[in-house]
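Fit chain to chain and form the complex, with the hints in mind.
These protein sequence lines map, in sequence, to chains L and B.
Reminder that position 44 of the first sequence reads as 44 in this note's numbering, one-by-one numbering, no gaps.
Reminder that position 249 of the second sequence reads as 249 in this note's numbering, one-by-one numbering, no gaps.
Don't take each hint at face value.
[Said to hold, decoys possible] Among chain L residues calculated to face chain B with C-beta under 8 angstroms, some are:
{"#": "1", "residue": "Ala63"}
{"#": "2", "residue": "Tyr89"}
{"#": "3", "residue": "Gly91"}
[Said to hold, decoys possible] Think about it this way: if two alpha-carbon atoms lie no more than 25 angstroms apart in a straight line, the pair counts; the simulated DSS-like pairs of lysine-lysine are:
{"#": "4", "chain 1": "B", "residue 1": "Lys124", "chain 2": "B", "residue 2": "Lys73"}
{"#": "5", "chain 1": "B", "residue 1": "Lys83", "chain 2": "L", "residue 2": "Lys93"}
{"#": "6", "chain 1": "L", "residue 1": "Lys93", "chain 2": "B", "residue 2": "Lys94"}
{"#": "7", "chain 1": "B", "residue 1": "Lys94", "chain 2": "B", "residue 2": "Lys83"}
{"#": "8", "chain 1": "B", "residue 1": "Lys226", "chain 2": "B", "residue 2": "Lys172"}
{"#": "9", "chain 1": "B", "residue 1": "Lys94", "chain 2": "B", "residue 2": "Lys109"}
{"#": "10", "chain 1": "L", "residue 1": "Lys43", "chain 2": "B", "residue 2": "Lys94"}
{"#": "11", "chain 1": "L", "residue 1": "Lys42", "chain 2": "L", "residue 2": "Lys93"}
{"#": "12", "chain 1": "B", "residue 1": "Lys221", "chain 2": "B", "residue 2": "Lys239"}
{"#": "13", "chain 1": "L", "residue 1": "Lys42", "chain 2": "L", "residue 2": "Lys103"}
{"#": "14", "chain 1": "B", "residue 1": "Lys94", "chain 2": "L", "residue 2": "Lys42"}
{"#": "15", "chain 1": "B", "residue 1": "Lys247", "chain 2": "B", "residue 2": "Lys214"}
[Unchecked claim] A few chain L residues facing chain B, derived, Cβ under 7 angstroms:
{"#": "16", "residue": "Ser56"}
{"#": "17", "residue": "Gly57"}
{"#": "18", "residue": "Lys61"}
{"#": "19", "residue": "Gln64"}
{"#": "20", "residue": "Asn82"}
Hint data in this document are derived by calculation from the structure and do not stem from the laboratory.
Since this is a predicted model, take the numbers as computed values, not measurements.
Ideal placement from N, C-alpha and C gives every residue a C-beta, glycine not left out.
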Amino acid sequence: MATVRIAVPTERGGLDDFVYSRLGRTPTFTIVEVDVDTGEIKKVEVVRNPGAEAGSGAGVKAAQTIADAGASIYIGPSPGPNAYAALQYLGVKVFTLVGARVKDAIGKILEELKSS
Amino acid sequence: MKDMPFILGVSGGKGGTGKSFVATNLAALLSERFKVVLADIDVEAPNDFLLLGLQDLGDSEDIRTFFPIIDYKKCTACGACAKVCDTGAIVMAKGRPPMVMPRLCSGCKACIYACPYDAIYEGKRVVGKLFIRNVPTGFGSFKLVTGVLKEGEEHTPPAVVYTKRRAVEESKDSDILIVDTGAGSGNAIAAALQGSGVLIAVTEPTPLGVHDLKAILEIAKGIGTKTWIVINRSGIGPKDELLAVAKRYDVERVFEIPYSKEVVLSYAKGKLVVLESPNSRPARVLKEIADEISLLIVEGTTEVRR
Numbered sequence: 001m002a003t004v005r006i007a008v009p010t011e012r013g014g015l016d017d018f019v020y021s022r023l024g025r026t027p028t029f030t031i032v033e034v035d036v037d038t039g040e041i042k043k044v045e046v047v048r049n050p051g052a053e054a055g056s057g058a059g060v061k062a063a064q065t066i067a068d069a070g071a072s073i074y075i076g077p078s079p080g081p082n083a084y085a086a087l088q089y090l091g092v093k094v095f096t097l098v099g100a101r102v103k104d105a106i107g108k109i110l111e112e113l114k115s116s
Numbered sequence: 001m002k003d004m005p006f007i008l009g010v011s012g013g014k015g016g017t018g019k020s021f022v023a024t025n026l027a028a029l030l031s032e033r034f035k036v037v038l039a040d041i042d043v044e045a046p047n048d049f050l051l052l053g054l055q056d057l058g059d060s061e062d063i064r065t066f067f068p069i070i071d072y073k074k075c076t077a078c079g080a081c082a083k084v085c086d087t088g089a090i091v092m093a094k095g096r097p098p099m100v101m102p103r104l105c106s107g108c109k110a111c112i113y114a115c116p117y118d119a120i121y122e123g124k125r126v127v128g129k130l131f132i133r134n135v136p137t138g139f140g141s142f143k144l145v146t147g148v149l150k151e152g153e154e155h156t157p158p159a160v161v162y163t164k165r166r167a168v169e170e171s172k173d174s175d176i177l178i179v180d181t182g183a184g185s186g187n188a189i190a191a192a193l194q195g196s197g198v199l200i201a202v203t204e205p206t207p208l209g210v211h212d213l214k215a216i217l218e219i220a221k222g223i224g225t226k227t228w229i230v231i232n233r234s235g236i237g238p239k240d241e242l243l244a245v246a247k248r249y250d251v252e253r254v255f256e257i258p259y260s261k262e263v264v265l266s267y268a269k270g271k272l273v274v275l276e277s278p279n280s281r282p283a284r285v286l287k288e289i290a291d292e293i294s295l296l297i298v299e300g301t302t303e304v305r306r
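Pulled out of the complex, with its shape left as it was, chain B reads as follows (with noise of 0.2 angstroms):
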């Protein structure tokens, strides 16, 4: 067993496009031979359970992030807080102690390096709940890890860096951590992927779905992960401009899922097309993809053989 895990990030800007059908049934594949962590770390709207059939997310636990708690004995109601709050969490009034706003504060942590008089303090505010469970498949079984993020909270990031780094803690012995993130490509999707050895961007042929996978790999670029591309529902529309795009940001791999029904009818039924339709197209490239990603996990390397 390895100190970590091989980190298999898999995001695509644009919604709908197929990541979480991706990293569930790579999962399956992939437990047949290796210790799997899958961590669902769409914290807005987590729903890996659901496809692949399970009723419940398994034991629970807070997700906590920084709050600051000011200590009204030390605080001289400078302001310093107040001035460096990006988010605007915390309201002063004058000549009186600041107010924080608990659903404003992103946990950034800014204020208590701002505050001269060493008067705020380390708190801890609850922004969602975190579920880990076993999840047995035709294959082998793996582990869940999923991130839910409380109703009506404002910052995505902290809940997606904490769900991320018990995720990392969950998989220290095993061989793959698969991150299966939400849609877009700002800040939270960006902490998400960090340190994936390869990023797979799943996308569409659709102006929406090359538009889309522009922003993630750029991302990628930024945080300097390799890239390979999944074009889910291929054959739907053109995929010429989804390859220039792929050619211009020296994306490794391109796989086409065909667009079928057998995907849809497993997808109906909740229940994993590598399981469902084994022999289908698409179960068929998803068994090409892990294969290739066996090759990095039992090489160790990002290189890939050709």
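Okay, chain L solo, but in the shape it has when bound (with noise of 0.2 angstroms):
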């Protein structure tokens, strides 16, 4: 196993912003390519949730926006019962975390999916 994308629900985006308290009105997602092995970090790329503006379904529209940018695995918030129906239809895989930094927050899932 080699690189995952991570979707992390984000305010202004990137590593040191922190992990945003809700999935379907957060304004960007900060989405990681890592290495599973390493735990090295290759890109960084912020996208814009369609979600945050959405009349409903913004769950379900931010789930889509996590698989569209080709992520396998969201941290953040646990999902409401739409957005995790979504999630899992869309295959991506959920650890529900909050109130760390987007950084801290991968380190933390990786120790996690290694140790499992």
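Now the structure itself:
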């Protein structure tokens, strides 16, 4: 297993930004491409979340954005029932974690992935 | 008998102003002379039947709205449907056919039109129940149509539109259809009020009443409906602002129902004030409104004699 793309909801985006407290209405997603074995961060992108301004179905739109960005792992607040169903269908693994910087959250989940 | 009944909309913007109170009392009064249908289109919390002292809502049928069914043989997973879906109800995984989230679907059908491969069919989904029954009163009897949205549904307008359409069908041989809407001034309310000959906006002399009255009068302006105002609980606050708003929006008539013990007593009993205390001031004002509406029904016009 080489690299994975991880999506984290953020306000401005970037490795030093904090994990945003909501999934559906988060302004951006920080997409981090990382080598699972070495923990090396290869690429960082920031994408806008159309769910932020959606009338309804924000969580599902956010889930679609994550999948469209090629991410297969999501780290952030617990998704709502609709968003959760969508993430499952889209094959995105969900890790619930808030209150940390993006880089620390990713480090923590990578540890968890390795030990499992 | 006419092809179409006169449609009277009862709304108000703010909740708890007495929309259902006015609608139920008018339905009873008008049923003495006319064939009346009362439609309770407040599908999220319909309770006209409670104000009428009824235990059950009558015969029921399903409220069905559009839901896309995808033909996986024709679908190429192009994503056109997901792109046009305004409510985010269609999810696309790479190279796989779309998945539809039932509760997010508002039934707009945009996906059908967007699909270049004719791979989407019209399916139906049950979003609520519709009830129809006859209601006997001391004056006459009328038909009550009630729409009830299923708990947990995200979209109100489809159920409102369905209930309204059925109510219109049910009043084909009636003289008047009274449409009692829920609170608010969104799409669901506008859809419920469309086609009304007159809209009665029930309000109250409070800052909230004034604020929400403006919203509902704005809706009336948008759909081109004449408006009357009922200031309910008149006397609990100054009415100058309400009257100023009424003037600004060219409201045709302003009625005032005073805050009174008789209304509270009849309300607590689940009885109509026009039957319980017919000589009370509130009952007399309601009678006056019913008489004005009678003129409109008889004349088949919305011109009001002053």
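Open item on the list: Checking each numbered hint in turn, tell me which of them this model violates, lowest number first.
Closed with: As far as the earlier hints go, not one is violated by this structure.
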